[in-house]
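Line by line, the protein sequences give chains A and B. Under the numbering used here, the first residue of the first sequence is numbered 3, with each subsequent residue one higher. Under the numbering used here, the first residue of the second sequence is numbered 18, with each subsequent residue one higher.
Rather than coming from a laboratory, the hints here were simulated on the basis of the structure. Among the hints, erroneous ones may be present.
Far from chain B, by Cβ distances over 10 Å, these chain A residues were calculated [said to hold, decoys possible]:
no., residue
1, LYS7
2, GLN136
3, ASP149
4, TYR158
5, PHE197
6, VAL251
7, LYS258
8, GLU259
9, GLU298
10, GLU317
11, SER318
12, LYS339
13, GLY346
14, LEU367
15, VAL416
If we take Cβ atoms under 7 Å as the criterion, some of the chain A residues that face chain B in the derived model are [claimed, not checked]:
no., residue
16, PRO342
17, VAL376
18, ALA380
19, LEU397
20, SER401
Virtual Cβ for every residue (Gly too), placed ideally from N, Cα, C.
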Amino acid sequence: MLLFKRAESPLSFKDYQKDDGFKALRCALSKSQENIIQIIKASNVVGRGGAGFPVWIKMDSVRRTQEEKKYIICNADEGEPGTFKDRELLYRNPLKVIESMIIAGYTVGADEGYLYVRGEYDYLKPDILSAIKQCETEGYLGNNILDSGFSFKINYRSGSGAYICGEETALIESIEGRTGDPRHKPPYTAQEGLFNKPTLVNNVETLINLLPILNLGPDVYRTYGTETSTGTKLFSVSGCVKNPGVYEVQFGTTLKELIDLTGGIRSGLKIKFVQVGGSSGVVLPKNMLDITLSYESFKAIDSGLGSGAIYVADESVCIVDYLMATSKFFEHESCGKCTPCREGNRHISRIMTKLSNGRATQNDLLILEKTSHVMVQASFCGLGQTAPNAILSCLKYFSEEINEHLKSKCPSGVCKLGGDVHVN
Amino acid sequence: MLIKMNGISFETDKEMTILQVSQAMNINIPTLCYHPDLSVRANCRVCLVEVEGMKQLQTACNTHIHEGMVIETNNERVRQARKTIVEMILANHDSNCTTCHSNGKCELQGLTEILNIRHNPYDNVLESEPIMKGNPSIVRDMNKCIKCGRCIEVCNEVQKVGAIYNIGRGKDMRMGPAYDYDLSQVQCTYCGQCINVCPVGAIYEQDDVKEVLACLESDKQVIVQVAPSIRVSLGECFGMTPGTLVTGKIPAVLRKIGFDKVFDTNFTADLTILEEGTEFLSRLNNNGVLPMLTSCSPGWINYIEQFYPELLDHLSTCKSPQQMFGALAKTYYAEKINVEPEDMVVVSIMPCTAKKYEAKRPEMSRNGVADVDYVLTTRELARLIKVMGYDLDVADEAFDAPFGITSGAGLIFGASGGVMEAALRSVYEIVTGEELLNLDFHDVRGLTGIKEAVVTVGQIDVKIAVSNSLVNARQLLDKIKSGQADYHFIEVMCCPGGCIGGGGQPRPTTNIVKLKRMEGIYAGDRNMALRKSHNNPAVKALYDEFLIEANGQISHQLLHTHYTDRQPK
Chain A
3 MLLFKRAESP LSFKDYQKDD GFKALRCALS KSQENIIQII KASNVVGRGG AGFPVWIKMD
63 SVRRTQEEKK YIICNADEGE PGTFKDRELL YRNPLKVIES MIIAGYTVGA DEGYLYVRGE
123 YDYLKPDILS AIKQCETEGY LGNNILDSGF SFKINYRSGS GAYICGEETA LIESIEGRTG
183 DPRHKPPYTA QEGLFNKPTL VNNVETLINL LPILNLGPDV YRTYGTETST GTKLFSVSGC
243 VKNPGVYEVQ FGTTLKELID LTGGIRSGLK IKFVQVGGSS GVVLPKNMLD ITLSYESFKA
303 IDSGLGSGAI YVADESVCIV DYLMATSKFF EHESCGKCTP CREGNRHISR IMTKLSNGRA
363 TQNDLLILEK TSHVMVQASF CGLGQTAPNA ILSCLKYFSE EINEHLKSKC PSGVCKLGGD
423 VHVN
Chain B
18 MLIKMNGISF ETDKEMTILQ VSQAMNINIP TLCYHPDLSV RANCRVCLVE VEGMKQLQTA
78 CNTHIHEGMV IETNNERVRQ ARKTIVEMIL ANHDSNCTTC HSNGKCELQG LTEILNIRHN
138 PYDNVLESEP IMKGNPSIVR DMNKCIKCGR CIEVCNEVQK VGAIYNIGRG KDMRMGPAYD
198 YDLSQVQCTY CGQCINVCPV GAIYEQDDVK EVLACLESDK QVIVQVAPSI RVSLGECFGM
258 TPGTLVTGKI PAVLRKIGFD KVFDTNFTAD LTILEEGTEF LSRLNNNGVL PMLTSCSPGW
318 INYIEQFYPE LLDHLSTCKS PQQMFGALAK TYYAEKINVE PEDMVVVSIM PCTAKKYEAK
378 RPEMSRNGVA DVDYVLTTRE LARLIKVMGY DLDVADEAFD APFGITSGAG LIFGASGGVM
438 EAALRSVYEI VTGEELLNLD FHDVRGLTGI KEAVVTVGQI DVKIAVSNSL VNARQLLDKI
498 KSGQADYHFI EVMCCPGGCI GGGGQPRPTT NIVKLKRMEG IYAGDRNMAL RKSHNNPAVK
558 ALYDEFLIEA NGQISHQLLH THYTDRQPK
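Work the whole structure out from these sequences, hints included.
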């Protein structure tokens, strides 16, 4: 595949050099910045962080700014529940991440990069730092890299556990030493990002795609995936499957095929639903598993692939119980800046709790729906806009099961209903 | 650029937000966190509008218009979304409006009216918490807070003090000092700017009305002093336009309320000029520490003591006019009317919450008796007047002697640049012995953050600067620290616009309102017979009778002070 070799394990610096390591970087340094942008454009690659924005546009707008000082940020905050692909990339080969960061820096004209790593991944820090150090010693980082005249350095920053810091502007606030609250756009980070300088912010997986694009060329790269979703995608599959883990598949693979790759359901029960894209993703019922994993087919159902987290639930999972956990997550992880997200998630979580203990009414469901819609329409950033995705899709696909809870019945037998109806 | 709002075309070549366009077109878009003088935060999401082609609703306050934009500001979708958002705010708000400090002036109350909210479908989720009042100046009732962030903006951007910030996240996000401390436990200057911008009643002054009412009932001699800027703002609490001068109404109504004597702080402002002017000339002539920094603004004193203690030598040793008054009242005046200081109560009417703290400083008392007993803000004075059953519909009266004759120079202390202008009027004449013909120093007036001028006084070109709001003071202090400030004399006012923009002034205190109050101040100055402090006959008499000379021994005992390094170590 493009990003992972089968069972790739951490390579030593020497082995990485032998194994096509820094080949893409040498290739990039021999080309003009415009030329690299053209190659990336020809590859059709889009950002893997969730938004699915064409990579070349973002890079080109940073490149075109007149400022002398520019930054790139590699976003390895990876806070979306059920997502662990960046962790694998960083664990298995931090040198690849570093190489792709240097290429991105060169392409946009930045001389400094930040690698912002999820706080819970602190155990990866020593290996990543030593990889950075080795690159400095070997002339791949620092002044005048490989005699190209290009200089670049990488700083490491640890997150502190806030989900919102995966949002690019909140991440920038965090690096600058403030509370991780999102900034309003415009100005976009490409114009005013870190320390108010033009900044390219990309997810780890997005940056890593630069390596096969440069190594194989855009034409070969495009042979992977579908016409509009080129390349491969890393999916973090978890839940009730036999072999949870990170799977690299071509865009265009169906959801069912991906689940089959993992060995199917562990318990022998049937699949009940799959949530795609993490907690902020859409919940799909079992009759929709033939959907192909591509940006276009998820756009068609007014949704997205998000981070590529795939949570598979079997019939033992209660939809209300599941949504209650999700809503508690967002209630806690909203930054609290804007009203719809701060207050909306709080009310959603309350109503889900009421549903799960059998005390919700029809009116609560109306409020649940109205709140979710306002959050989607009016929240400040992507967090609040996508937090109700699961609720809204379940109201659509699992209304029967939710309505059963209004009658104090939990078809899966998970929720403890009715026992405390008289307690206020 | 041609756009359409509610079907009506609008053309402009300027960069504008949807909100600005709506204002230009007289279309009402409700707002909550938006404040005309602060940078836009777009937190509350109340000013939602529909923009053709956009999936999400857009906030009018921070969305810029572009060619061909089609905007609907008030269709059913927009109204429902706004309503839902305000309902959610109300569900987490202590809606005991009747006992709220902002009852009747509350912007959230206004919104429930505009959006026709008569019932809240959301469960009340307010988790009651104790009201924070651990300091003499500012009370914070977070049960009222709607998390709009204006206080954060003013504290961090306008003042750059950073006493409060948003802490916690999700539903626990709240505005306040780190670790939920009281303001007294962090570096807060008590400027009260957070009060002035709060749209609800979450932050307000420590209310001393009750205590003053009790004193008025007692046998004690209760005297009151009134700061310069009160006379251009008090009227607003009684329905008058900002800047209306109510100079004569104040003594009249205060006497009706029962104060034994009503004095004018403008008098000690004049006195300050003589003391500070003399101190300045002495520093100038004897290689003293320059630039000299003014010391009238207690929020500013709190700031420099906590943030730049290494520059305290630059501060004039003069007490503020409030404290000069208190010191004279409890010594010179008490003796004159034969009342023991402990049997006298000095009340100040100030535009300021930091004055409440200043009055409680240990160095501002004598033998355990405070020079100033109670400080009421403009807002509290209005409440006192109302509690006592009065309004400003009274015939003008004059302030009492001996602290009643004042000059226009004392009056302009109320606006940024006023202390400097007053000082220049006197210093010029004292140094040159010539009459100053043009008394108006326009360069130092107005709302500009840092104003500079060079004034030739005899042989010397005196280089001066005037700053208002602490973010600008910080700039000048950094310049002094790095040795780049070649000024001789700097006026610093803590609050934007000076005392007319103080944290105790009526709400709203926006820049438009401040400019009108400034106009009132300068109109008052223009119409005064006496416009220079050193010509004030009552001040001259005080020197002849009691103080003997400016910066003399008695002055140093009563009218000057010292400062303390209060930077957390």
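Index of numbered hints that the structure contradicts, given in increasing order: As far as the earlier hints go, 12, 13, 19 and 20 are violated by this structure, in ascending order.
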